[in-house]
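> Could you slot chain B onto chain A? The hints should help.
Those sequence lines, one after another, are chains A and B. Quick note on numbering: this note's numbering labels position 61 of the first sequence as 45, and the sequence is numbered without any gaps. Heads up, this note's numbering is the position in the second sequence plus 10, with the first residue counted as 1.
Derived by calculation from the structure, the hints in this document are not laboratory data. Where hints are given, some of them may not hold.
Said to hold, decoys possible - Simulated DEER-style distance windows between Cβ atoms:
| # | chain 1 | residue 1 | chain 2 | residue 2 | range |
| --- | --- | --- | --- | --- | --- |
| 1 | A | Phe132 | B | Lys170 | 19 to 27 Å |
| 2 | B | Phe59 | A | Leu162 | 42 to 50 Å |
| 3 | B | Trp172 | A | Leu117 | 31 to 39 Å |
| 4 | B | Leu140 | A | Trp136 | 24 to 32 Å |
| 5 | A | Ala161 | B | Val209 | 50 to 58 Å |
| 6 | B | Ser60 | A | Ala161 | 41 to 49 Å |
| 7 | A | Phe157 | B | Leu37 | 49 to 57 Å |
| 8 | B | Pro36 | A | Gly159 | 56 to 64 Å |
| 9 | A | Gly159 | B | His68 | 52 to 60 Å |
| 10 | B | Gly171 | A | Leu119 | 35 to 43 Å |
| 11 | A | Leu117 | B | Ser166 | 45 to 53 Å |
| 12 | A | Ala161 | B | Ser205 | 23 to 31 Å |
| 13 | A | Gly159 | B | Lys170 | 44 to 52 Å |
To be verified - Derived contacts from chain A toward chain B, CB cut-off under 7 Å, selection only:
| # | residue |
| --- | --- |
| 14 | Leu3 |
| 15 | Ser5 |
| 16 | Ile67 |
| 17 | Ala80 |
| 18 | Ile96 |
| 19 | Met100 |
| 20 | Gly104 |
| 21 | Ala114 |
| 22 | Pro116 |
| 23 | Pro139 |
| 24 | Pro141 |
| 25 | Ala153 |
C-beta: ideal position from N, C-alpha, C; glycine also.
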Amino acid sequence: MDNGVGFLGVLGLVMLSTLFSIGGGNGQVAMIQGQWVSNGLLDPALFAWAFALGHFTPGPKVSFVTAIGYYMAGIPGAIAAMIGIVIPTSLGASLASHWYQRFQRIINHVSISASMVIAGMMSTAAIGLAQPLDLSWIELTGIALVTFLVVWRRPDPVLIVLGSGVVGAVVWFAGSALAG
Amino acid sequence: MSSTEPGNNSVKKIVASGPVPATPVPLLSLALVFLKMGALTFGGMWAAFSRIEADLVHTRGWISADTQRAMMITAALIPAPKFLAFGGMVGYRLRGFTGSVVSLVCLMIPGSLLVLAGAMLLRQGAEGTLLAAVQHSITLGIVGLLLGNAANMAQSSRLKGWRLFAGIFIAVMIPLMTLVFGVPLLVMALLGLVSGAIVIRPQQESDEHG
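Excised from the complex, chain A in its bound form:
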């Protein structure tokens, strides 16, 4: 965990990334990928594992940032990640409740383009996550199939994560059997 990020680094990035979560878009995913995974501070496999954990556990899926915080700065990092989510969200929720009518016009303006911006951010995160993996054409085909399945049937993400894990295990056992 000697990556120089620390409590304040985790807190700052998670707070900032929360602002890009309109409509359930995973702004955190893109920001964390861009700041820590692509810079080599966080391994892509650990990043993906943290994201998967968020889907396996109850409550808001954004709790995956707790694992990211832990990987970056230990227990203090996990606490920083939680605080980083809670502060801007409670402020935003309180302001939205209190001044909904005043903010409605701004919200309407931003929310239209936000879908496309978040789509771009998610694509950036996906490509950035895949870039360092040096993928074979079989793996690229697998990614394309998953993408097609998600667009076509919109399955529960847990099924994608579980299915991917099972395929990985099957391939490993098959490879071990052939080698042995």
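Using the frame of chain A, we list chain B on its own:
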């Protein structure tokens, strides 16, 4: 949105002026309800709709069904994770800013503790092991999931004609400028939001202005 959900005009009235319980809700009760919600709901805010309604509307009577739906719609529009934003709005309605923070923290704690336990138990597998193979294939699955979600998110904008073209241009420029030319993602996201808000205006308003 289903036919039972309030329209946009009624949403702002309900969120701004919906009924509040006559006696203040104790913070401990608020905390316990959101802890339970955080521990027993899966699949996000919309998937937990019925359980939330049963707890907050029917069992406790803290908010009306209309207020719940209006808050859920609003929570999806503000820049925050929507399930948490909903919890924060309910907490604010019942006990002000303190209630908002208590609801949020309690909603998040159960999942976060389990995620933390998972992160502590399982770290990176050594190369060639079963764990490394499973982690690698999960990474590939998540790359596909993110790309699929990006496409679904773009579709959900329901833009048409030149607005759709402008939206796609913004969505494509973000990865291009970030990954190829090294422009910071935050800069591109802010540029996209600002340029999108200027160029892609709400349909009704821009039609009114010709």
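> Hint by hint, say whether it matches the structure.
Hint-by-hint comparison with the structure:
A hinted range of 19 to 27 Å for the beta carbons of Phe132 of chain A and Lys170 of chain B is consistent with their spacing of about 24 Å. Remark: the range hint 42 to 50 Å for Phe59 of chain B to Leu162 of chain A is upheld by a beta-carbon distance near 48 Å. At about 37 Å, the CB distance of Trp172 of chain B to Leu117 of chain A agrees with the hint of 31 to 39 Å. Remark: the range hint 24 to 32 Å for Leu140 of chain B to Trp136 of chain A is upheld by a beta-carbon distance near 31 Å.
In this structure the hint that Ala161 of chain A and Val209 of chain B lie 50 to 58 Å apart at CB holds, the actual value being about 57 Å. Evaluation of the 41 to 49 Å hint for Ser60 of chain B and Ala161 of chain A yields a pass: the beta carbon distance comes to about 46 Å. Restraint check, Phe157 of chain A to Leu37 of chain B: a C-beta distance of roughly 52 Å satisfies the suggested window 49 to 57 Å. The beta-carbon spacing between Pro36 of chain B and Gly159 of chain A, approximately 58 Å, falls within the hinted interval of 56 to 64 Å.
Judged by the Cβ atoms, the range 52 to 60 Å given for Gly159 of chain A and His68 of chain B holds: they are separated by roughly 54 Å. A hinted range of 35 to 43 Å holds for the C-beta pair Gly171 of chain B and Leu119 of chain A, which are about 36 Å apart. Restraint check, Leu117 of chain A to Ser166 of chain B: a C-beta distance of roughly 29 Å breaks the suggested window 45 to 53 Å. For the hinted restraint 23 to 31 Å between Ala161 of chain A and Ser205 of chain B, the CB-CB distance of approximately 55 Å leaves it violated.
Taking the beta carbon of each, Gly159 of chain A and Lys170 of chain B are about 49 Å apart, inside 44 to 52 Å as hinted. Interface hint status for Leu3 of chain A: upheld, as the beta-carbon distance to the closest one in chain B is roughly 5 Å, under 7 Å. Interface restraint check for Ser5 of chain A: the shortest CB-CB distance to chain B comes to about 5 Å, inside 7 Å, so the restraint holds. Interface hint at Ile67 of chain A: violated, since its Cβ lies 9 Å from the closest Cβ of chain B, which is beyond the 7 Å cut-off.
Proximity of Ala80 of chain A to chain B holds as hinted, the smallest CB-CB distance being about 5 Å (cut-off 7 Å). Among the interface hints, the one on Ile96 of chain A holds; its C-beta lies about 5 Å from the nearest C-beta in chain B, closer than the 7 Å criterion. With 7 Å as the threshold, the beta carbon of Met100 of chain A comes within range of chain B, its nearest partner Cβ sitting at about 4 Å, so the hint holds. The interface hint given for Gly104 of chain A is met, as the beta carbon of that residue sits about 3 Å from the closest beta carbon of chain B, less than 7 Å.
Of the supplied interface hints, the one on Ala114 of chain A holds, with its beta-carbon coming within about 5 Å of a beta-carbon of chain B, less than 7 Å. A cut of 7 Å between beta carbons decides the hint on Pro116 of chain A: the least distance to chain B is about 10 Å, and the hint is violated. Evaluation of the Pro139 of chain A hint against chain B yields a violated restraint, the C-beta minimum of about 9 Å exceeding 7 Å. Checking Pro141 of chain A against chain B: minimum C-beta separation of about 6 Å stays under 7 Å; hint holds.
Because the closest C-beta pair between Ala153 of chain A and chain B is about 5 Å apart, less than 7 Å, the hint holds.
Of the hints listed earlier, those the structure fails to meet are numbers 11, 12, 16, 22, 23, in rising order.
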